[in-house]
Amino acid sequence: MTAQLPPGIQLEKVDDRIMTLNVGPQHPGSGHMRLIIKIDGDYIVSCDPDPGYVHRGEEKMAEYRNYIQNIPHLERPVIHDSSNILHPYCLAVEELLGIEVPERAKYIRVIASELNRCIYTLYWLAIYGIFLGHSTMFMWPAGDRELFIDLLEAMSGARVTHAYLVPGGVRNDLPANFEERCLRQVDYFEKRLKEYQAVFYKNPILISRTEGTGILSRTDAIRLGTTGSVLRASGVDFDIRKKEPYDVYENLDFETVVMKEGDSYARSYVPYLEMFESCRIIRDAIRKMPKSGSVRTKLKPNPKGGNEEVYKRVESGRGALGYYIVSNNRPEPYRVKISVGSFRNLICMPYLLKGELLGNMPSVYWSLNYWPVEADR
Amino acid sequence: MLKEFFNQDTAPHATNVLVGKLGEVLVRAVGKPLDYAINWGRLWSLWPVHLETACCSVEFGAASSPRYDVERFGIIEAFGSLRQCDLIVVMGTITRKMAPRLRMVYDQMPDPKYVVAMGACAITGGLYFDSYNVLPGIDGVLPVDVYVPGCPPRPETLIQGCMLLQEKIKRMKGA
Amino acid sequence: MSSANDKDGEPSETSTGPSEGTRPLSKEEARKFYEEKGIDFSPDAPVKPRPIPQFEKSISDKIASKFGSKVTVDYVRANRMRISTKKEDILDVAHFIRDELGYDHAESVSGVDYPDSKEIEIVYHLGSYTDEKLAQQVLALATRVPREEIPNPGKDRSRMTSLREVFYSVEFHERECFEMFGVYFEGHPDNRRLLLPEDWADIPPFRKDFKIKGR
Numbered sequence: 007m008t009a010q011l012p013p014g015i016q017l018e019k020v021d022d023r024i025m026t027l028n029v030g031p032q033h034p035g036s037g038h039m040r041l042i043i044k045i046d047g048d049y050i051v052s053c054d055p056d057p058g059y060v061h062r063g064e065e066k067m068a069e070y071r072n073y074i075q076n077i078p079h080l081e082r083p084v085i086h087d088s089s090n091i092l093h094p095y096c097l098a099v100e101e102l103l104g105i106e107v108p109e110r111a112k113y114i115r116v117i118a119s120e121l122n123r124c125i126y127t128l129y130w131l132a133i134y135g136i137f138l139g140h141s142t143m144f145m146w147p148a149g150d151r152e153l154f155i156d157l158l159e160a161m162s163g164a165r166v167t168h169a170y171l172v173p174g175g176v177r178n179d180l181p182a183n184f185e186e187r188c189l190r191q192v193d194y195f196e197k198r199l200k201e202y203q204a205v206f207y208k209n210p211i212l213i214s215r216t217e218g219t220g221i222l223s224r225t226d227a228i229r230l231g232t233t234g235s236v237l238r239a240s241g242v243d244f245d246i247r248k249k250e251p252y253d254v255y256e257n258l259d260f261e262t263v264v265m266k267e268g269d270s271y272a273r274s275y276v277p278y279l280e281m282f283e284s285c286r287i288i289r290d291a292i293r294k295m296p297k298s299g300s301v302r303t304k305l306k307p308n309p310k311g312g313n314e315e316v317y318k319r320v321e322s323g324r325g326a327l328g329y330y331i332v333s334n335n336r337p338e339p340y341r342v343k344i345s346v347g348s349f350r351n352l353i354c355m356p357y358l359l360k361g362e363l364l365g366n367m368p369s370v371y372w373s374l375n376y377w378p379v380e381a382d383r
Numbered sequence: 018m019l020k021e022f023f024n025q026d027t028a029p030h031a032t033n034v035l036v037g038k039l040g041e042v043l044v045r046a047v048g049k050p051l052d053y054a055i056n057w058g059r060l061w062s063l064w065p066v067h068l069e070t071a072c073c074s075v076e077f078g079a080a081s082s083p084r085y086d087v088e089r090f091g092i093i094e095a096f097g098s099l100r101q102c103d104l105i106v107v108m109g110t111i112t113r114k115m116a117p118r119l120r121m122v123y124d125q126m127p128d129p130k131y132v133v134a135m136g137a138c139a140i141t142g143g144l145y146f147d148s149y150n151v152l153p154g155i156d157g158v159l160p161v162d163v164y165v166p167g168c169p170p171r172p173e174t175l176i177q178g179c180m181l182l183q184e185k186i187k188r189m190k191g192a
Numbered sequence: 048m049s050s051a052n053d054k055d056g057e058p059s060e061t062s063t064g065p066s067e068g069t070r071p072l073s074k075e076e077a078r079k080f081y082e083e084k085g086i087d088f089s090p091d092a093p094v095k096p097r098p099i100p101q102f103e104k105s106i107s108d109k110i111a112s113k114f115g116s117k118v119t120v121d122y123v124r125a126n127r128m129r130i131s132t133k134k135e136d137i138l139d140v141a142h143f144i145r146d147e148l149g150y151d152h153a154e155s156v157s158g159v160d161y162p163d164s165k166e167i168e169i170v171y172h173l174g175s176y177t178d179e180k181l182a183q184q185v186l187a188l189a190t191r192v193p194r195e196e197i198p199n200p201g202k203d204r205s206r207m208t209s210l211r212e213v214f215y216s217v218e219f220h221e222r223e224c225f226e227m228f229g230v231y232f233e234g235h236p237d238n239r240r241l242l243l244p245e246d247w248a249d250i251p252p253f254r255k256d257f258k259i260k261g262r
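Chains as they are written, first to last, in this note's numbering: chain A, 7 to 383; chain C, 18 to 192; chain W, 48 to 262.
Isolated chain A, as found in the complex (with noise of 0.2 Å):
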């Protein structure tokens, strides 16, 4: 190359071994996100995150707007999990403010995300079944997933983007005839999931794609201070549900699903088995909710929260999801920081990749349950 090169544009070596992939933004086996991959020949020798594509900036949007109005676009993140990812705004607010929640408000709320986090996990079984090339399985939890939407939509009146849990309860009462409906459904759940099983999890072309790739030890999970079941997955007995628990999990029947292996099939497994565990949950909680009541502590107008600080977190469809929220004695927040599983879960990824082969990419890329829209904020 003599011809002279234009001021700031560099020609960048190329090793005749080495190459360079751009997965992403725009490929199937990416998402949202960017993943520059150097390969040698089949194995990715290494893998460099680029997210950002849906920053949008939620953090700074949410000084500029008051603790009610901050409710519709902070669940914007995760549209399908937004139960979860509004649940530690209001437990936080609610510390901010001292408000006291009425206790049916808290089995709602409970019942609530439970039924997103079943809504979450069936989106993300579905992609995983595409991203695998396994359409079956990507038909059946997409088809079974409007069932659980139906019921939060005949809760709340939206399909996806809900808004129902607010500072101070939840924002209406459950329809008539929801309990023996929702019961009815996860009945129907339950058999239905383990037809899943049949089809997907002893299916041996599954088996060989992900049993054995993208290995994170128990160590490595610690250190890397992974999240939610990618955690789970590795050995580590952490479920914040479980540790720290919030609103009525401490009353409830459940277990946490714990996986020792760490590969890419317990990654995707720990998710399944953990929607079983949600149906538990919700089935306890419509028995122990109280029949009636008030679901909501009325707000002052414009509410202002105190001169402090506080981190509240939930165990999401993802893991841990925290916020953090700084006042000052005004209707907005100074700061909120929105802690997710999926930004945490981001630096696994360079981790796991290396030395992988190329065609085990997308498998353990979605069984890191990383959701980019959630990650960018």
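The set of hints was computed from the structure by calculation and includes no laboratory data. Computed from a prediction, not measured in an experiment: that's the story for all the values here. There could be a bad hint or two in this list.
Said to hold, decoys possible - Okay, the calculated bits of chain W under chain A, using three or more residues with CB under 8 Å as the criterion:
hint, segment
1, 151-163
2, 171-177
3, 201-207
Unchecked claim - Pulled from the structure, derived: some chain W residues nowhere near chain C, Cβ distances all over 10 Å:
hint, residue
4, Phe114
5, Ser116
6, Ala125
7, Asp146
8, Pro193
9, Pro198
10, Asp249
We treat Cβ as the ideally placed atom computed from N, Cα and C, and that holds for glycine.
Given the structure of chain A, go ahead and fit chains C and W onto it with the hints provided.
Frame of chain A; chains C and W shown alone:
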């Protein structure tokens, strides 16, 4: 005109004009049915690009789920290779980082190509009207054919938007 | 008292108002309106004295006795505590917290901009997976770095020691902090841009002097 036709110098030019005029007549004679046939072919095999830009992709996924099944209207599931696609559904917010990539994807698609702006964010910026990193609508980046409002739009709305696009294609020029 | 009362210059009398139906309520009318609706109209959020929990106190005492005047215990609440230190000492404190107390990962790294005192606060929220007793504890380790009026990220005085050596999980969080606040982390191997577009030429967006559209 005939004089020109027999003149040695101007004969080639005149022949060209004649042939052009004949061609126009031909197109006018058979053009309409041809348009119809070409558009009919495009109508029922719209291939959207697999380009997820924000949270509306959840509802796009739901539109191809068994309950809504957008394939029965000839809109096939999102597809990986953009060289074989003719529809781009912009699913939600376009950030400043994504905008050049969106244009790059659009430029690589073969003609004819159609754009559906899905969701309030893709139309005006929506909920993120005052964000520092979000474009106020994609009109400045792509020529939009159909706007599908909602935050996010229900799958039924998206299907209706795609059917409106098919109505539009029916009335387009074929070649 | 009310939200209307916060604004001093609010017109209380609307003699020039267009009509009776659309004029804004005066203070007394607003109070009456809310009392009729049964909405609590007390002036402030109730301040309850919080008991200081014993276990959390013992942890903060350990840090306080080890470092003395170098650290300040800001608050100790149920499951939460916050310790602030100078940026020169943060590496020692972090080493002590990891090795002696058993905190092993960082949940988030947040920056908070304080233009009035010309400082940016960096808060590390630390947690533990290995120690069963610490599972519900979150320790906030805060430090303050100087803030420049005209930021020049990476080249000005807003810099502090990276904690990546101690808590490996802060890697991406610190990268985000660098681009959002302009705080450079010394010793971080990868102080590159993460979320913002490549051609971002404005000041770091989470600083308070960066205004968003129409606000």
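Taking the hints in turn, this is what the structure says about them:
no.	hint	result
1	151-163	holds (count 8)
2	171-177	holds (count 3)
3	201-207	violated (count 0)
4	Phe114	holds (40 Å)
5	Ser116	holds (41 Å)
6	Ala125	holds (35 Å)
7	Asp146	holds (40 Å)
8	Pro193	holds (25 Å)
9	Pro198	holds (16 Å)
10	Asp249	violated (8 Å)
Consistency note: the structure conflicts with the earlier hints numbered 3, 10.
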